[in-house]
Amino acid sequence: MADGGGEDKKMKVLVAVEETEGSLYALSWALDNLFTSASDVPDKTESLGRLVLIHAQQPLQHFMHPVGPCMTDPHHRSFSVLFAVYATSSVIDSVRRAQEQNSRNLLERATQVCRSKLVEAEMVIVDGDPKEMICQFAEQMQADLLVVGSRGLSKIRRAILGSVSGYCAHHATCPVLIVKPPKGNHP
Amino acid sequence: MAAKAEDASTAAAVGKAVMVVGIDDSEHSFYALQWTLLHFFSPAVRPSESYKLVIVTAKPTPTSVISVASPGAADVLPFVESDLRKISSQVIEKAKDICAAHSVLDVEYEVVEGDARNVLCEAVDKHHAEMLVVGSHGYGAIKRAVLGSVSDYCAHHAHCTVMIVKKPKPKH
Chain A
43 MADGGGEDKK
53 MKVLVAVEET
63 EGSLYALSWA
73 LDNLFTSASD
83 VPDKTESLGR
93 LVLIHAQQPL
103 QHFMHPVGPC
113 MTDPHHRSFS
123 VLFAVYATSS
133 VIDSVRRAQE
143 QNSRNLLERA
153 TQVCRSKLVE
163 AEMVIVDGDP
173 KEMICQFAEQ
183 MQADLLVVGS
193 RGLSKIRRAI
203 LGSVSGYCAH
213 HATCPVLIVK
223 PPKGNHP
Chain B
640 MAAKAEDAST
650 AAAVGKAVMV
660 VGIDDSEHSF
670 YALQWTLLHF
680 FSPAVRPSES
690 YKLVIVTAKP
700 TPTSVISVAS
710 PGAADVLPFV
720 ESDLRKISSQ
730 VIEKAKDICA
740 AHSVLDVEYE
750 VVEGDARNVL
760 CEAVDKHHAE
770 MLVVGSHGYG
780 AIKRAVLGSV
790 SDYCAHHAHC
800 TVMIVKKPKP
810 KH
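Going down the list, the protein sequences come from chains A and B.
For reference, each letter of the first sequence is one residue, going 43 to 229 in the numbering used here.
For reference, each letter of the second sequence is one residue, going 640 to 811 in the numbering used here.
No lab work stands behind these hints: they were computed from the structure.
Please note: incorrect hints may appear among the correct ones.
Listed below are the simulated EDC-like cross-link pairs for lysine to aspartate or glutamate, each with C-alpha atoms no more than 16 Å apart in a straight line [unchecked claim]:
(1) B:655 - A:181
(2) B:806 - A:181
(3) B:735 - B:747
(4) B:806 - A:186
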């Protein structure tokens, strides 16, 4: 069992990064507790496994499909009159760009956190429903551990907004670590 | 040295950070325990800062196992009670064996009577644990009907980080 030195102890850890405070706290918790070692090597991940950060972008809402200015389109009935003004392609583009900028900022912060703890992390951005994408990716990369933050929502809000951590706890095929924010942050 | 002390500041003053592992008599639980020992307690990974391990098993109360209204229930209760006690002590024995096999010595073992969900969350509070580890799909045959309800409850209600370890399913 404990042969081959540190070989079989290497873990492939996938950390889900979202735009919540809980998520970045989860990342730093994971870095502190999963990637520390007695020796202070510049890149600890080599000896201790792989760290992958995954960020899932929500797809744009359906009703924002690009409706052209042409109102005689037979497929779009009366509501196209309303949406033709709001959902032009330029709006779609700027929303998408803002979203990408958000993701990039988020991953920037995440990278900085990793670097400050001397851990090199790989970044992955996926499009789609965060819960499903994260679990799918964990399975694809054969992660040893999936780390998610928790927002500490009340039951009702969790039921309405959906819980990534809850979903992953049930559906991921690998062990799941749910990091809670420290007690002071509970609403 | 890396500034790790922040997270476990209070624990560092007292000793090591506490990790509570909830087990029962299912294969999933023992798998979770072994996985945890392998990845968190092996000397190669963590030579200096180990966790203090507290292994908790919940012993269901006899009345929760059999319906009290059935005739002759009072007579059956003592047998059910001793049966449950035997199962719990077997669980602890097996846990001790697993820990010994992984050369983990600083372990506390507890058998607490009550519902698994409450027992584990209370154990976290009692020991000021930093992490709770549970298996999934296996906390008692009775609860198995509601799949993974204990792990789900603990994930939401425990006051610390929760790790849910799943036994990999065999490929169909």
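A quick look at each hint next to the structure:
no., hint, verdict
1, B:655 - A:181, "violated, 33 Å"
2, B:806 - A:181, "holds, 14 Å"
3, B:735 - B:747, "holds, 10 Å"
4, B:806 - A:186, "holds, 12 Å"
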